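> Spelled out from the first residue to the last, the chains are:
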Amino acid sequence: MAYSDKVIDHYNNPRNVGTLDKAKNTVGTGLVGAPECGDVMRLQIEVDENQIITDAKFKTFGCGSAIASSSLATEWLKGKSVDEALAIDNMAIVEELALPPVKIHCSVLAEDAIKSAINDYRVKNGLPALELPKTHH
Amino acid sequence: MLNFPIYLDNNATTPLDPRVLDTMMPYLTNMFGNAASRNHAFGWQAEEAVDYAREQIASLINCSPKEIIFTSGATESDNLAIKGVYEMYASKGNHIITATTEHKAVLDTCKHIEKIGGKVTYLSVNEEGLIDLKELEEAITDKTILISIMYANNEVGVIQPIREISAIAKKHGVLFFTDGTQAVGKIPVDVEADGIDLMAFSGHKMYGPKGIGALYVRRKNPRVKVTAQLDGGGHERGMRSGTLNVPGIVGLGKACEIAKQDMEQDTARIAAMRDRLEKELLTIEESYVNGSREHRLPHVTNISFKYVEGEGLMMGVKDIAVSSGSACTSASLEPSYVLKALGLSDDLAHSSLRFGFSRFTTDEEVDYAINHVKEAVAKLRELSPLWEMFKEGIDLNSIEWAEH
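Residue numbers (the numbering used here), protein chains in the order written: chain A, 1106 to 1242; chain B, 10 to 413.
Just so you know, the hints here were simulated from the structure itself, not pulled from any lab data. No experiment lies behind these values; they were computed from the predicted model shown. One or more of the hints may lead you astray.
Said to hold, decoys possible - Listed below are the simulated PhoX-like cross-link pairs for lysine-lysine, each with C-alpha atoms no more than 20 Å apart in a straight line:
| # | chain 1 | residue 1 | chain 2 | residue 2 |
| --- | --- | --- | --- | --- |
| 1 | A | LYS1111 | B | LYS124 |
| 2 | B | LYS388 | B | LYS327 |
| 3 | B | LYS388 | A | LYS1111 |
| 4 | B | LYS152 | B | LYS120 |
| 5 | B | LYS101 | B | LYS124 |
| 6 | B | LYS113 | B | LYS101 |
| 7 | B | LYS179 | B | LYS143 |
| 8 | B | LYS120 | B | LYS180 |
| 9 | A | LYS1183 | A | LYS1111 |
| 10 | B | LYS179 | B | LYS219 |
| 11 | B | LYS327 | A | LYS1162 |
| 12 | A | LYS1127 | B | LYS400 |
| 13 | B | LYS128 | B | LYS92 |
| 14 | A | LYS1229 | A | LYS1162 |
| 15 | A | LYS1162 | B | LYS388 |
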């Protein structure tokens, strides 16, 4: 399968790989996917008092497109408000990385990871979890 | 000097040996005769070349040249053997015994047999990839006409207990067919000593050309016959019609001659390279060899690297041409059915690589491959949340993974 240059770039030089302290109240962690499906993404955000995402980290077990989708997501998240982050749509990732149809599920997983991280942050801070539309992979 | 990517997928196909190409060349050019033309020198020349190749092939596997039926390759040979026996021995029974780790050319042919009313037993294998001989014997009924068990497996290289299988077949008066594609030309295969009644093999797995293969069909003790699957002309003792692929046959013959002559020294060198790569890659934490290491072809190893994903790994080892345990062409990954049959979980099956060595593989290439794989695995584990969890002592089975 031919990967786009952007996917290859993210695969070769993944941005924001790492781990934030998930015990902190300012950190939200999203863990999505399943090992037997060949994709697991963990995406973490750190949120300041103004609801701005100051840091984002990821680790992904998956194909090049999954790694690139999560790497790109962390780039986009930094500096965004939580509300802006919630608005990130998987199709924007598909477009940016030129993902082929068989790899769209990687972008869906990245969107799920963002929302799951935000929900984790909300619940930790006494806010109700947002009802998320059920996505299908 | 290294040329990239480095080819380490020699169980898929091997490069054509230049000595084989040289031998074929005249038959691709001036000596173009049809081996069935009895009236002129062109035909005689072609026939003579075919006869000589038959002897070269027969000499490698210790049979009579008359017992070699030329085909287009191992897939056709597998089809001819199984369907041909099924039809020829229909009055005797309709039951075939095979194993779950066979090549698709055998499994799909068996599926076809089931569709047309036959019965097939699929033996499971143990974690080493070997069938259970007791299970085999117990599966035999008075309707059993054929046992079809491959000589050596294409994904993990495991060699089945061929002589024990043939002894059981003989004891019960059942024919024994083996797909010898991965074994012939690589390890000593002797149809007499091994007690084989039919055997499929192919040119391109042993440095010969593609598009040529053969089916060995025993003529004595017992005399075996198969019903032709192609009609027209009655070539190959009526078992396989069609103008003979003379250059291909000449190439297969030469490949067999070289295999016989060079096998011992090739094997020693290739096995040493394989063992070195395997030993080095096993120094990587949580890496495992799949299948028996004791009963195995000398030129292949199949290794799983836990907590890295197969397709990501393939992308990371782009400088080497290897085969992965998962087919990643669709959104849903399909782990190898062979590795699954050995009892591997989906994630381990996904994260496996098959390394296949040839007589043209160099030590320098092996060195490069070792470092390349080590780096890729390390890099992907650095990226892997599963690896981090493993390192923190978290049991991955204790996590409730989101339904996918």
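> All the hints need checking, so say for each whether the structure fits it.
So, going through the hints one by one against the coordinates:
no.	hint	verdict
1	LYS1111/A <-> LYS124/B	violated (48 Å)
2	LYS388/B <-> LYS327/B	holds (14 Å)
3	LYS388/B <-> LYS1111/A	holds (19 Å)
4	LYS152/B <-> LYS120/B	holds (18 Å)
5	LYS101/B <-> LYS124/B	holds (19 Å)
6	LYS113/B <-> LYS101/B	violated (26 Å)
7	LYS179/B <-> LYS143/B	holds (15 Å)
8	LYS120/B <-> LYS180/B	violated (27 Å)
9	LYS1183/A <-> LYS1111/A	holds (19 Å)
10	LYS179/B <-> LYS219/B	violated (33 Å)
11	LYS327/B <-> LYS1162/A	violated (26 Å)
12	LYS1127/A <-> LYS400/B	holds (16 Å)
13	LYS128/B <-> LYS92/B	holds (13 Å)
14	LYS1229/A <-> LYS1162/A	holds (18 Å)
15	LYS1162/A <-> LYS388/B	holds (16 Å)
When each numbered hint is compared with the structure, violations occur for hints 1, 6, 8, 10 and 11.
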